[in-house]
Amino acid sequence: DAKTTQPNSMESNEEEPVHLPCNHSTISGTDYIHWYRQLPSQGPEYVIHGLTSNVNNRMASLAIAEDRKSSTLILHRATLRDAAVYYCIPGQGGKLIFGQGTELSVKP
Amino acid sequence: DAGVIQSPRHEVTEMGQEVTLRCKPISGHDYLFWYRQTMMRGLELLIYFNNNVPIDDSGMPEDRFSAKMPNASFSTLKIQPSEPRDSAVYFCASSFLRGGYGYTFGSGTRLTVV
Numbered sequence: 001d002a003k004t005t006q007p008n009s010m011e012s013n014e015e016e017p018v019h020l021p022c023n024h025s026t027i028s029g030t031d032y033i034h035w036y037r038q039l040p041s042q043g044p045e046y047v048i049h050g051l052t053s054n055v056n057n058r059m060a061s062l063a064i065a066e067d068r069k070s071s072t073l074i075l076h077r078a079t080l081r082d083a084a085v086y087y088c089i090p091g092q093g094g095k096l097i098f099g100q101g102t103e104l105s106v107k108p
Numbered sequence: 001d002a003g004v005i006q007s008p009r010h011e012v013t014e015m016g017q018e019v020t021l022r023c024k025p026i027s028g029h030d031y032l033f034w035y036r037q038t039m040m041r042g043l044e045l046l047i048y049f050n051n052n053v054p055i056d057d058s059g060m061p062e063d064r065f066s067a068k069m070p071n072a073s074f075s076t077l078k079i080q081p082s083e084p085r086d087s088a089v090y091f092c093a094s095s096f097l098r099g100g101y102g103y104t105f106g107s108g109t110r111l112t113v114v
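Line by line, the protein sequences give chains A and B.
Counted the way our numbering counts, the first sequence spans residues 1 to 108.
Counted the way our numbering counts, the second sequence spans residues 1 to 114.
Mixed in with the good hints, there may be bad ones.
[Said to hold, decoys possible] Computed list of lysine-lysine pairs in DSS-like fashion (alpha-carbon distance at most 25 Å, straight line): (1) A:Lys107 - A:Lys69; (2) A:Lys69 - B:Lys68; (3) A:Lys3 - B:Lys78; (4) B:Lys24 - B:Lys78; (5) A:Lys3 - A:Lys107; (6) A:Lys95 - B:Lys24; (7) A:Lys69 - A:Lys3; (8) B:Lys68 - B:Lys78; (9) B:Lys68 - B:Lys24.
For the record, the hints were derived by calculation from the structure and aren't laboratory data.
Just so you know, these numbers come straight off a predicted model, no measurement behind them.
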């Protein structure tokens, strides 16, 4: 399983963009990069995933480095509801191993 | 769809008792996962099934833990006998096509063993 490194915590102001980094230097060539988040007192929820190209969906954007050893989850305009723990998970989907994640707090 | 449904939401039991946690995955999903979450260890994958067949149970902590999936719409995680260190939130998740469309997690079962 690829090892990931994420900041323990980050702070953002409401309505501002947030860039959540993740290093996964041991990622294999066939591993996707998945991002999940866990709101307080809830189960994790899927955010986005990608393989090589940058990806966009209604929740976020995922920017993947050309060498795939790092990626960045981008929330374009943080809201209070985005306060959560964000997990970056390299894997092939059949077995996702969660690390400690980044706890994002959003200030009004 | 109602999503992944877990029951009960909360369970308090005495040490030594048998505990059964239940999960109904999303219809049509072919993968089912059981996770456990504690403050100390975070989210741990216990076991997962594909098409009702257990694929990897290497995360199951001890023989006291067992999981079954008798059909595509139901799975159980059983702890017998339970111990205080089993206290945690247990999540069930399901997915389609090896997570290609993301996992959907249930709301979890908070287990307290006293």
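Consistency of the hints with the structure:
1. The hinted pair formed by Lys107 of chain A and Lys69 of chain A fails the criterion: a straight-line CA distance of about 30 Å is larger than 25 Å.
2. Distance hint between Lys69 of chain A and Lys68 of chain B is unfulfilled; the C-alpha atoms sit about 37 Å from each other, more than 25 Å.
3. Distance check on the hinted pair: Lys3 of chain A and Lys78 of chain B sit about 31 Å apart at the alpha-carbon level, beyond 25 Å; violated.
4. For the hint pairing Lys24 of chain B with Lys78 of chain B, the CA-to-CA distance comes to about 15 Å; that is within 25 Å, so the pair holds.
5. Between Lys3 of chain A and Lys107 of chain A, the direct Cα distance comes to roughly 30 Å. Violation of the 25 Å bound is thereby established for this hinted pair.
6. Straight-line distance between C-alpha atoms of Lys95 of chain A and Lys24 of chain B comes to about 19 Å, which keeps the hinted pair within the 25 Å bound.
7. Simply put, Lys69 of chain A and Lys3 of chain A have alpha-carbon atoms about 10 Å apart, close enough for the 25 Å limit, and the pair holds.
8. With a C-alpha separation of about 8 Å, the suggested pairing of Lys68 of chain B with Lys78 of chain B holds against the 25 Å cut-off.
9. Taking the CA atoms of Lys68 of chain B and Lys24 of chain B, the gap is near 12 Å; set against the 25 Å cutoff, the hint holds.
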